[in-house]
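Residues per chain are reported as follows:
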Amino acid sequence: MFTLGELAQRLGLAIEGDEARSIVGLAALAEAGPDQISFLSSSRHQNQLNSTRAGAIIITRELRQYFAGDALVSENPYLSFAHASALFDARPGWEAGLHPTAVVHSTCTLGQSVSIGANCTIGADVKIGDGVIIGPGCAIGANSHIGKRSTLQARVTLYDGVIMGEECNLHSGVVIGADGFGFARDETAWVRIHQLGGVKLGDRVEVGANSCIDRGALGDTVVEDGVIIDNLVQIGHNVRLGSNTAIAACAAIAGSTVIGKNCTIAGAAGITGHIEIADGVHITAMSLVTNSITEAGSYSSGTRMGPTKDWRKNAVRFSQLNEMHKRIRALEEAQD
Amino acid sequence: MFTLGELAQRLGLAIEGDEARSIVGLAALAEAGPDQISFLSSSRHQNQLNSTRAGAIIITRELRQYFAGDALVSENPYLSFAHASALFDARPGWEAGLHPTAVVHSTCTLGQSVSIGANCTIGADVKIGDGVIIGPGCAIGANSHIGKRSTLQARVTLYDGVIMGEECNLHSGVVIGADGFGFARDETAWVRIHQLGGVKLGDRVEVGANSCIDRGALGDTVVEDGVIIDNLVQIGHNVRLGSNTAIAACAAIAGSTVIGKNCTIAGAAGITGHIEIADGVHITAMSLVTNSITEAGSYSSGTRMGPTKDWRKNAVRFSQLNEMHKRIRALEEAQD
Amino acid sequence: MFTLGELAQRLGLAIEGDEARSIVGLAALAEAGPDQISFLSSSRHQNQLNSTRAGAIIITRELRQYFAGDALVSENPYLSFAHASALFDARPGWEAGLHPTAVVHSTCTLGQSVSIGANCTIGADVKIGDGVIIGPGCAIGANSHIGKRSTLQARVTLYDGVIMGEECNLHSGVVIGADGFGFARDETAWVRIHQLGGVKLGDRVEVGANSCIDRGALGDTVVEDGVIIDNLVQIGHNVRLGSNTAIAACAAIAGSTVIGKNCTIAGAAGITGHIEIADGVHITAMSLVTNSITEAGSYSSGTRMGPTKDWRKNAVRFSQLNEMHKRIRALEEAQD
Chain S
0 MFTLGELAQR LGLAIEGDEA RSIVGLAALA EAGPDQISFL SSSRHQNQLN
50 STRAGAIIIT RELRQYFAGD ALVSENPYLS FAHASALFDA RPGWEAGLHP
100 TAVVHSTCTL GQSVSIGANC TIGADVKIGD GVIIGPGCAI GANSHIGKRS
150 TLQARVTLYD GVIMGEECNL HSGVVIGADG FGFARDETAW VRIHQLGGVK
200 LGDRVEVGAN SCIDRGALGD TVVEDGVIID NLVQIGHNVR LGSNTAIAAC
250 AAIAGSTVIG KNCTIAGAAG ITGHIEIADG VHITAMSLVT NSITEAGSYS
300 SGTRMGPTKD WRKNAVRFSQ LNEMHKRIRA LEEAQD
Chain L
0 MFTLGELAQR LGLAIEGDEA RSIVGLAALA EAGPDQISFL SSSRHQNQLN
50 STRAGAIIIT RELRQYFAGD ALVSENPYLS FAHASALFDA RPGWEAGLHP
100 TAVVHSTCTL GQSVSIGANC TIGADVKIGD GVIIGPGCAI GANSHIGKRS
150 TLQARVTLYD GVIMGEECNL HSGVVIGADG FGFARDETAW VRIHQLGGVK
200 LGDRVEVGAN SCIDRGALGD TVVEDGVIID NLVQIGHNVR LGSNTAIAAC
250 AAIAGSTVIG KNCTIAGAAG ITGHIEIADG VHITAMSLVT NSITEAGSYS
300 SGTRMGPTKD WRKNAVRFSQ LNEMHKRIRA LEEAQD
Chain G
0 MFTLGELAQR LGLAIEGDEA RSIVGLAALA EAGPDQISFL SSSRHQNQLN
50 STRAGAIIIT RELRQYFAGD ALVSENPYLS FAHASALFDA RPGWEAGLHP
100 TAVVHSTCTL GQSVSIGANC TIGADVKIGD GVIIGPGCAI GANSHIGKRS
150 TLQARVTLYD GVIMGEECNL HSGVVIGADG FGFARDETAW VRIHQLGGVK
200 LGDRVEVGAN SCIDRGALGD TVVEDGVIID NLVQIGHNVR LGSNTAIAAC
250 AAIAGSTVIG KNCTIAGAAG ITGHIEIADG VHITAMSLVT NSITEAGSYS
300 SGTRMGPTKD WRKNAVRFSQ LNEMHKRIRA LEEAQD
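Residue numbers (numbering that gives the first Met the number 0), protein chains in the order written: chain S, 0 to 335; chain L, 0 to 335; chain G, 0 to 335.
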């Protein structure tokens with residue numbers, strides 16, 4: 000619980016209203032009560048200002064005039080809301096301490112204040128930095144390093160030789176360092192290419208639940224600082240993700256592709272292997288990228304959704320598009 | 000093993016044939032032997048009636064005339080087959096009882112006849128209802144509730160504060176309650192929005208292997224009664240899934256989207272965030288939904304598959320479609 | 000470490016150069032140093048021959064003339080590289096031996112030299128062949144069989160009755176034998192069809208991290224010898240995958256579909272249920288297959304990516320394609 004004045008101070012915002020008002024939590028405009036603070040980040044939801052019961056609102060200078068109640072004024076209310084969410088986070092984490100059921104190899108190096116949950120298995124020569132939290136049921140392969148204050152939620156796997164920076168957060172079910180999908184073909188069968196590279200994660204990397212980052216075939220797969228990855232994402236071997244790039248759920252990046260900084264890859268998008276994507280590229284949902292992209296900007300593939308009945312007719316015509324094009328040209332030539 | 004008469008009684012079906020015939024199992028028409036029962040659910044497979052060796056068949060009144068052997072007559076043979084599959088299910092489950100290697104916090108509340116498998120980790124203040132079965136290797140966060148007769152298969156994660164109804168079934172690798180993908184951007188990096196909401200699953204919810212349901216940012220992510228979800232599905236934060244909606248494998252629903260009751264979302268479909276889908280909507284496989292849908296019916300996007308050689312030519316023309324449209328208009332105008 | 004002469008002998012290749020040169024590892028042309036061997040598999044990277052510092056190169060007879068240094072001559076350098084990768088694989092595996100924390104049912108049958116990692120749970124009547132390695136945190140259901148020299152990496156689930164051949168490799172997070180997505184509908188809800196079939200994997204099957212192979216409804220789901228499957232792939236119930244077929248990441252195969260031998264299914268492709276794909280079919284990335292394919296060859300669906308601004312205009316026209324077609328026909332008829 001904070002007073003509105005304390006919140007203003009902690010968030011670095013100007014206060015307009017009752018400094019002593021006590022605020023116990025955060026809520027959306029429509030759900031907030033008098034002891035909660037909310038936020039308005041765009042004029043799109045401005046009409047909710049009239050009906051909200053929120054005790055206070057984080058709001059821009061421009062929109063302040065439309066709300067009569069207590070407010071904190073922010074240049075970026077959504078960012079201030081993110082900062083506030085940390086203040087109100089009272090969620091219990093996984094149990095602290097070294098659980099007696101954890102199997103930790105005698106050659107591991109553990110920093111100060113490390114927590115290792117029940118039923119974890121930590122291999123030889125693993126180095127774990129100060130303040131690292133490892134949830135229950137994780138398996139860490141030999142020679143891996145986990146940087147300070149990083150968190151592995153429950154049931155995460157690191158294979159051998161995974162190097163993680165500081166303040167990373169890997170969600171449950173994540174698998175880092177499994178073999179890349181590399182096989183050569185002989186006359187009769189696939190022959191495995193042993194994946195001898197590793198995985199390097201920078202600082203402040205987030206990886207969502209059940210996502211996979213494969214180890215490199217020869218060199219490393221590299222995820223730079225500040226990259227955020229959602230759930231069920233596939234990162235192939237020897238991919239490089241530039242800093243602060245964001246990848247939404249169910250996207251897949253094939254092997255050896257290099258993605259720039261500050262890109263956003265929307266959900267279920269696919270990027271094929273061995274290509275390069277420039278900094279600042281945005282790929283829209285479920286688009287497939289099969290060529291390198293050299294300029295920042297937004298890129299898309301696919302078609303728009305429609306009623307299946309109509310779509311089916313149009314889809315048939317798609318298969319005739321090249322022929323339609325020829326017929327248009329023939330008409331044009333006949334016209335001349 | 001049942002007699003055909005016993006089966007008729009348990010399934011509530013009329014019997015035409017030898018009540019004393021013993022039936023030891025279920026099989027498809029093509030594989031069934033004389034001591035097995037099969038079913039015919041559509042006239043599409045009617046020709047298999049001539050060659051089947053099945054001892055008995057569950058069949059409609061209309062198709063009964065085409066089969067000379069023993070039969071159980073059903074208005075909905077596929078539904079009767081589902082009921083029969085339960086009768087013949089002799090699969091061993093995960094071992095019963097509280098396994099001594101399970102780490103169960105002293106503050107947990109356990110109902111009658113609860114099974115907790117080996118190497119599980121159950122956090123503080125977790126409530127587990129009567130008859131719940133938890134497979135080996137699960138991790139349950141603090142304050143979660145699991146309703147009566149629900150099953151967690153092996154290696155399931157519930158984060159803290161996940162509330163599950165009765166008779167749910169979560170398959171191996173499922174992750175419920177991981178953080179939603181919420182970040183605000185400051186000048187230099189992504190700032191995490193702490194996900195302070197929870198997840199509420201209704202009764203009889205099924206979740207397939209390695210699927211993920213994220214917790215809400217402020218309010219809860221909600222899955223209503225009877226929803227069935229296949230493998231590798233992503234449900235974003237603050238999504239609401241209406242009762243009895245079915246979601247096939249590899250589909251992804253982005254944050255804050257509300258889906259109605261009795262919808263079917265086919266495999267690998269994607270639904271973007273912050274939209275609403277009405278009751279009774281069907282989305283076909285690999286379609287992308289980017290706008291709200293207000294009427295029941297079937298919706299699609301994408302193109303039809305063809306040989307790559309032909310497809311490539313048509314795909315080039317897709318990129319010229321707007322120009323082709325202009326040329327058609329020009330031709331029409333010239334004609335006038 | 001090997002001498003170049005030893006490598007030539009082990010790989011069965013002709014040597015041209017210093018037999019006594021010592022080679023400590025493998026690296027790509029651009030990264031290799033004087034004590035490493037590299038390879039050139041296509042003339043596309045031929046220009047790197049001038050700048051590489053590699054101590055030796057695996058190369059074809061045709062390209063040998065463009066490299067002055069030591070070489071091993073191979074008809075298929077990429078395949079020779081695969082064989083060499085095995086020689087240089089010094090990665091530590093999961094710890095060997097039967098870990099005391101593993102919970103192994105007293106009725107299990109264990110072959111010679113079996114390793115079972117910490118925190119594993121092995122059910123009743125499981126049979127484990129000679130030389131099998133099971134990583135930490137795996138859960139194996141009753142009656143499953145694991146063939147000789149197969150590996151389960153960390154945190155793999157086999158449900159009951161999964162039959163695996165020899166020399167298979169299942170990566171972390173894999174789930175084999177979960178229930179297929181089979182439900183019948185009654186008036187008010189979905190009724191589960193108990194999945195009474197099993198899963199049969201042949202020899203030398205590879206399954207990538209967090210992939211799922213469901214058990215059959217009545218008969219078995221079958222994966223033939225030599226099939227390789229990447230990460231986050233979904234294989235539905237009663238699917239049959241022909242030998243040496245390769246399936247890349249995030250692809251999904253729906254129930255009862257039969258895929259031939261030597262097919263390649265690229266990443267994020269989808270194949271609907273109850274169809275048949277011939278031997279030797281190649282499906283390109285993110286294509287959707289909704290009909291059977293009877294002839295070998297390459298097949299595709301989807302559109303090409305473009306800048307979102309242009310794409311949007313073309314996508315609008317896609318929704319008018321059938322109408323555009325009518326207008327072309329009208330123009331043609333007017334012309335006659």
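Just so you know, the hints here were simulated from the structure itself, not pulled from any lab data.
Please note that a few of the clues may not be correct.
In this list, chains with the same sequence are indistinguishable; a pair is considered to hold if it fits within one copy or across any two.
The list that follows gives simulated cross-link-like pairs (lysine-lysine, DSS-like), each with its CA atoms no further than 30 angstroms apart [unchecked claim]: (1) K199 x K308; (2) K147 x K308; (3) K260 x K308; (4) K260 x K325; (5) K312 x K126; (6) K126 x K260; (7) K312 x K260; (8) K308 x K126; (9) K312 x K147; (10) K312 x K325; (11) K308 x K325; (12) K325 x K199; (13) K199 x K312; (14) K325 x K147; (15) K260 x K199; (16) K147 x K126.
All values derive from a computational prediction rather than experimental measurement.
Structure-based check of all given hints:
For the identical chains of this complex, K199 and K308 are neighbours neither inside a copy (49 angstroms) nor across copies (36 angstroms), given an alpha-carbon limit of 30 angstroms. Within a single copy, K147 and K308 get their C-alpha atoms no closer than 56 angstroms, and across copies no closer than 44 angstroms, so neither meets the 30 angstroms cut-off. Taking the shortest Cα distances, K260 and K308 sit within 30 angstroms of each other only across copies (22 angstroms), while inside one copy they are farther apart (42 angstroms). In this assembly of identical chains, the alpha carbons of K260 and K325 never lie at most 30 angstroms apart, being 42 angstroms within a copy and 38 angstroms across copies at closest.
Taking CA atoms no more than 30 angstroms apart as the test, K312 paired with K126 passes in neither setting, with 60 angstroms inside one copy and 54 angstroms between copies. For the homomeric pair K126 and K260, the shortest alpha-carbon distance inside one copy (29 angstroms) is at most 30 angstroms, but the shortest distance between copies (45 angstroms) is not. Taking identical chains as interchangeable, the C-alpha atoms of K312 and K260 lie at most 30 angstroms apart only when they sit on different chains, with a minimum of 28 angstroms there against 41 angstroms within one chain. Proximity of K308 to K126 under the C-alpha cut-off of 30 angstroms is found in neither arrangement, the shortest distances being 59 angstroms within a copy and 49 angstroms between copies.
Proximity of K312 and K147 under a CA criterion of 30 angstroms is satisfied in neither setting, with 57 angstroms inside one chain copy and 49 angstroms between copies. In this assembly of identical chains, K312 and K325 lie within 30 angstroms of each other by CA distance both inside one copy and across copies; the values are 20 angstroms within and 11 angstroms between. For the identical chains of this complex, K308 and K325 are neighbours both inside a copy (27 angstroms) and across copies (17 angstroms), given an alpha-carbon limit of 30 angstroms. Neither within a single protomer nor between protomers do K325 and K199 lie at most 30 angstroms apart by alpha-carbon distance, with minima of 52 angstroms and 51 angstroms respectively.
In this assembly of identical chains, K199 and K312 lie within 30 angstroms of each other by CA distance neither inside one copy nor across copies; the values are 49 angstroms within and 41 angstroms between. Taking identical chains as interchangeable, the C-alpha atoms of K325 and K147 are never at most 30 angstroms apart, the minima being 63 angstroms within one chain and 60 angstroms between chains. Within a single copy, K260 and K199 get their C-alpha atoms as close as 16 angstroms, which meets the 30 angstroms cut-off; across copies the closest is 37 angstroms, which misses it. Within a single copy, K147 and K126 get their C-alpha atoms as close as 10 angstroms, which meets the 30 angstroms cut-off; across copies the closest is 34 angstroms, which misses it.
In terms of the numbered hints stated before, the structure departs from hints 1, 2, 4, 5, 8, 9, 12, 13 and 14, listed from lowest to highest.
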